[in-house]
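Novice: The primary structure of each chain is shown beneath.
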Amino acid sequence: MSLEFSADARQKIAALCERYPTKKPVVMAALHLAQKEHGQLSDDALRLVARTLDLPYAHVYGVATFYTMYRREPGGKQTIRMCTNISCMLRDGYAVLEAFERKLGLKRGESNAEFSLVEEECIAACANAPCAVVGTRYLLDIQPGDVGKLVDELRAHPHPESEVV
Amino acid sequence: MPADRNTRVVTGRFGDEAAKRIASYEASGGYSALRKALAMRPEDITAEVKASNLRGRGGAGFATGVKWGFVPKDAKTVHLVCNADESEPGTCKDRELMYWDPHLLIEGMIIAAHALRAVHNYIYIRGEMMREYAVLQRAVAEAYERGYLGKNVAGTGNECHLTVHRGAGAYICGEETALLNSLEGLRGQPRLKPPFPAIKGLFSNPTIVNNVETLMNVPAIVDKGGAWFAELGAGRSGGTRILCVSGHVNKPGVFELPLTITTRQLIDEVCGGVWKGRKVKAVIPGGVSMPPLDETELDVPIEFDALQTDERIKPVMVREGQQFDLGGGRALRTMAGSGGVVVMDDTTDIPRALWRIMKFFAHESCGQCTPCREGTGWLEKVSRRVAEGNGKPDDVDLLASIAHGIAGNTICALGDAAAWPMLGFLTKFRADFEAKIKKVKAA
Numbered sequence: 001m002s003l004e005f006s007a008d009a010r011q012k013i014a015a016l017c018e019r020y021p022t023k024k025p026v027v028m029a030a031l032h033l034a035q036k037e038h039g040q041l042s043d044d045a046l047r048l049v050a051r052t053l054d055l056p057y058a059h060v061y062g063v064a065t066f067y068t069m070y071r072r073e074p075g076g077k078q079t080i081r082m083c084t085n086i087s088c089m090l091r092d093g094y095a096v097l098e099a100f101e102r103k104l105g106l107k108r109g110e111s112n113a114e115f116s117l118v119e120e121e122c123i124a125a126c127a128n129a130p131c132a133v134v135g136t137r138y139l140l141d142i143q144p145g146d147v148g149k150l151v152d153e154l155r156a157h158p159h160p161e162s163e164v165v
Numbered sequence: 001m002p003a004d005r006n007t008r009v010v011t012g013r014f015g016d017e018a019a020k021r022i023a024s025y026e027a028s029g030g031y032s033a034l035r036k037a038l039a040m041r042p043e044d045i046t047a048e049v050k051a052s053n054l055r056g057r058g059g060a061g062f063a064t065g066v067k068w069g070f071v072p073k074d075a076k077t078v079h080l081v082c083n084a085d086e087s088e089p090g091t092c093k094d095r096e097l098m099y100w101d102p103h104l105l106i107e108g109m110i111i112a113a114h115a116l117r118a119v120h121n122y123i124y125i126r127g128e129m130m131r132e133y134a135v136l137q138r139a140v141a142e143a144y145e146r147g148y149l150g151k152n153v154a155g156t157g158n159e160c161h162l163t164v165h166r167g168a169g170a171y172i173c174g175e176e177t178a179l180l181n182s183l184e185g186l187r188g189q190p191r192l193k194p195p196f197p198a199i200k201g202l203f204s205n206p207t208i209v210n211n212v213e214t215l216m217n218v219p220a221i222v223d224k225g226g227a228w229f230a231e232l233g234a235g236r237s238g239g240t241r242i243l244c245v246s247g248h249v250n251k252p253g254v255f256e257l258p259l260t261i262t263t264r265q266l267i268d269e270v271c272g273g274v275w276k277g278r279k280v281k282a283v284i285p286g287g288v289s290m291p292p293l294d295e296t297e298l299d300v301p302i303e304f305d306a307l308q309t310d311e312r313i314k315p316v317m318v319r320e321g322q323q324f325d326l327g328g329g330r331a332l333r334t335m336a337g338s339g340g341v342v343v344m345d346d347t348t349d350i351p352r353a354l355w356r357i358m359k360f361f362a363h364e365s366c367g368q369c370t371p372c373r374e375g376t377g378w379l380e381k382v383s384r385r386v387a388e389g390n391g392k393p394d395d396v397d398l399l400a401s402i403a404h405g406i407a408g409n410t411i412c413a414l415g416d417a418a419a420w421p422m423l424g425f426l427t428k429f430r431a432d433f434e435a436k437i438k439k440v441k442a443a
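Chains as they are written, first to last, in the working numbering: chain A, 1 to 165; chain B, 1 to 443.
Treat the hints as calculated values from the structure; they're not laboratory data. Some hints here could point you the wrong way.
Simulated DEER-style distance windows between Cβ atoms [to be verified]:
hint	chain 1	residue 1	chain 2	residue 2	range
1	A	Leu-140	B	Lys-36	37 to 43 Å
2	A	Glu-110	B	Asn-152	49 to 55 Å
3	B	Gly-157	A	Ala-14	26 to 32 Å
4	B	Lys-36	A	Ser-2	36 to 42 Å
5	B	Phe-70	A	Gly-148	50 to 56 Å
6	B	Gly-15	A	Ser-162	36 to 42 Å
7	A	Gln-40	B	Asp-4	50 to 56 Å
All figures in this text were calculated on a predicted structure; none of them were measured in a lab. Glycine included, every Cβ here is placed at the ideal spot set by N, Cα and C.
The following block holds chain B by itself, in its conformation from the complex:
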C-alpha cells in the first residue's frame, strides 16, 4: 500500500521523551527486528534491502542494497559507518531522529552490520550536536548493557561494536571520504575515488557509509519485508521521505511524507502556505547545494528521479543557449538532495540570499582543490558586491563563468554543490541580479 501522510516508518516516536530509553523502546517493539535479522543469513538481509528500493537519504539517493552489495565477498574486515554529520543548510532531520529515537538508529546499525559482517562500527556525529551526542552515548551504553552490542550479540555469538565519534566543526566531513579521513584522525579532506569506500574505506578496509535516516529505515524493512517498503514509495524509490521545511512558510517543520507529494502540496497543505499571505518566489528542494525551483515548477513530486528528469523543471544553463552538462549531455534540473526545503517569498532579496549561500561554501571549502578553494572565494566576493549594490555590468556572466570552472573539476562534490545553486539561481532569477546591477549604474 502506498504511504499516506499519516504513515510513520522512522518518526513514530517523535515527541515521546521516554522513548529514547531502552526499556521504553523495547516495550514498543524495539529490537524485535534485530532478533529476526540475526536469524537470517546476511545475504538475505541485503537482498531484502535491495528489494525495498531504499535509497540513501544523505543526498545522493543511491540504492542502499546495491551499495551494500559492493563489499567484496571475501573481505576479512568490514566497517559500517553512520554519517551523522548533518550540516547541509536547510536540513534538520537527522538531528531530530537521533534525539527522539536513538535506539532505532542503533538497531538499524546492528542489523546492517550483521548483513555486512562488520564488527567495528562507528557513528560520526557532528561536533556541534552536543545534546544528541549525549543522547547517543547513553543509548549505546544501554545497548551494551542489554547485550545487543558487544562480543555476543543477543546470545548469537556474533560480535558487534559501536563507537560514537564526535567531529569538531567541518561541513566537508559530511562527504563520505572526508568523514573517513576525519575518523582516522586526519584533517577532513576528501579522497580521490576510486577506490570507493566499499572496496577500500576506513583503515583501508571495505566500508559502508550510510546516512542516519537511511539506517533507521532498516528495522522496518526487516520486520515487514522489502516488498512492503517498496510499495510505500513511488517508482524506483521505496519508503517515505523526511522533509525539513524552513523559511517563509506559516508552519515550518520536519515531516515524514509520501514520496509523491509535490512542492506546492507541501507548502500549501502541510505547511499552511506562504507566510504573510505572500507568494512563492523560489524554493530550494533539497539543501542549498541544489538548484532552486521557481513558482512555475512546484507541481513535481519531491522525489529523487522526478526532480532530475521532469521536463516541467527548466534545465540549468551556463549561459544563454548552453545547458549545463551533467555528463553525456544530461541536463541538470534539480535533485531531492538531503530533504531540506527552503521556501523564499516574493519579497526575498535573491542576490543577498545567494550571497549567504556562497559565503557558506567559501567558508567550508577544505582547500584541497584549486578550483573550489579559489572559486568559492570569488563566488562569495562577487556575489557580495552584487548583493550590496556594487556589482559591475559583467558580474552575472563572471559568476556563471567561475561556477562553471569549478563544477566537475574537483575531487569531491563540494565544488558542484557551490556551482549548481549559483548557476541555478542565475538561470531562473537573472533579472533580479541584473536589476540590482542596473540600479547602481543609474545612481
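Isolated chain A (complex conformation):
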C-alpha cells in the first residue's frame, strides 16, 4: 500500500531540506516523522521516505535499521525506556525493570497497544538512578514500589515520543 505524509510533515521536511546542502541529511527526521504518522517503519513507510527525499530504498533501509529508536514493528502509544546501565544497576535498576514488567504484563523488548517497554542504555540521568525516560518526561530515583503509581500517572497524562517530532 502506498503511504503518504500529512501536509504538516511535508512542510516540516521541506523546511529541513533548506538547512542542508542536499536532501540526504533529512532522512533521520523524515524517518521520525514516518514513524509518528504510520506507527512503525514498515517497508511502505521506508518507500515513502525514499520517494520523498529521492534516496534509494536500500539507503533508507540501512539507516532505519542502524538506530535503535526506529521501529520496524508496531509499538505502544508510549515507550518506557528504563535504564539498567551501571549507575542504575548499582541502585537496583533491574528490580525496577522487573516491577515494570509485572505491572505492564510485558517482558523487556515487548509492546502492547498502550506501552512499549525497552531496556535502555544510559539515558544521562545517572545522578537520579534508577531512571527511565518516557517521551519528554523523566522518571527519576525510581523505587520498585513506585512503579504502579508511575504507570497510572502515565495512563492519565501520556507522554508519547511522537510529541516532539
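Take the given structure of chain A and dock chain B to it, following the hints.
Specialist: Only chain B this time, still in chain A's reference frame:
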C-alpha cells in the same frame, strides 16, 4: 584566582526554570559576550580561547583553541557542530546544561562560529533526549526572532545559522566522525582519520566538533578573558569541571567544581560519603570507558593530566609483568574522560558490574571493525559466564587477551573504550574474578 567550590561558570542558571527563556537570559547578562565577540577579529577570539587553556569536555581533553586553529586559513566553507549526543554511562551533565541554560550554549556557538567563520552550524542531540530537544528548538527559534541567528547577526551583517539535528539511538554517534556521518544522513559509522574533521569534516568541509560543556564555557572566556579562565584551573587545564557522581554515595549529583578536587574529597565532602556507612571498593573516574581506581588511588585530582600521569595510580596491565602500552611505552593509568564518576561500595559484585559494562559495548559496537564487533561480543559472553558463576579456570586470562586484541586495532576509540575498563578491572580486582571462578570449581 583559582576556582573554589562556589565558582559557577556554566551552571549559574541551574534550578531557575525561567532562565531558559531569552528575555530572562538577556536580563541576566546573556548575549553581552556575543556583542563583545562580534566586535573582535575571529583570530583574536581563537587566541583568547587558546590562552584560556579550555580543554574539550567530551572525553578527550584536547585543547579547544588549538583544535580551532587547525581549520585551514583559506577555507571557504566551515561548519561548527555541537556534540550533544551524551551517552557515556555515568555522564549526565550535557543534558542538564542544555535543559537549564540552552541560550548559553547557543551564545557560545555563535561566538565560536564567528571565530571559525562558520555559517551553517548544527547541534547533534541524542534521540532519547526529547525534553531537551524541545527546549533547544524553542531557544533556537527565540534566538532567530531576536536576530542573534540569521542573515544579519546582531546587525553586523554576519550570517549564522543553527539547526538542531536529532539522532535516533546510537552511542557510537558520540564519536565525532560517526556523528558527522549521521548528520549527513548515513549509518553512524566512524571514518578513518586522517583526514581529521578540521580539514575534511561535514559535507567534506573543514568542521569543528565541540562538546556542549566546552562551548558553554566560551562566552565567559570572551567576557572575562582567557587569562582569567586559565587561572581558575590547574596546570594546563583552564576553568572548572562538571562532575556527575552516581552509584553508592549519599548525595549523587551534577557539580561544577575546581579541577584540583580529588576523588576522595569529591566523595566525602561533596557527596556526603559512601552510602550505608560502607567503604569504597572502586571508582570509575570519567565514564565507563575509563579504567577504575581502587581505594588506595583516590587522592589524585580528577584532572586531565593528573589522572594520566600520577604514579600513585597503578598502570593497567595486560598480564603479569606486561604493562598496557598506550604507544611509545606510555603506561595507561586512567583518564578524566567525560566527568562521569561512578562509585561502587565494598559490597559490589565487581564481575557483575563489569559484565554490565561489556553488555553495553557489545550492544553499541557499530559492527564496522572485526576486532570490536567480535571482541566486544566475546567480552560480554565470557564476562557474563564469570559473573553468573559459570567461569572457566582460564577465563580471566582469556578476557585480558580478547581485550588486548581489540585495543588499538579499530578505526575509532570504541574498541579501546571496551578494552581499557576490562583490563583495568582485571588489573585491580583480579582476586574478585578468581574468587568467583574458584567457587564454581569447589562446588
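Novice: If a hint holds in the structure, say so; if it doesn't, say that too.
Specialist: Structure-based check of each hint:
{"no.": "1", "hint": "A:Leu-140 with B:Lys-36: 37 to 43 Å", "verdict": "holds (38 Å)"}
{"no.": "2", "hint": "A:Glu-110 with B:Asn-152: 49 to 55 Å", "verdict": "holds (53 Å)"}
{"no.": "3", "hint": "B:Gly-157 with A:Ala-14: 26 to 32 Å", "verdict": "holds (28 Å)"}
{"no.": "4", "hint": "B:Lys-36 with A:Ser-2: 36 to 42 Å", "verdict": "violated (55 Å)"}
{"no.": "5", "hint": "B:Phe-70 with A:Gly-148: 50 to 56 Å", "verdict": "holds (55 Å)"}
{"no.": "6", "hint": "B:Gly-15 with A:Ser-162: 36 to 42 Å", "verdict": "violated (30 Å)"}
{"no.": "7", "hint": "A:Gln-40 with B:Asp-4: 50 to 56 Å", "verdict": "holds (53 Å)"}
Figure legend: structure checked against the earlier numbered hints; hints not met, in rising order: 4, 6.
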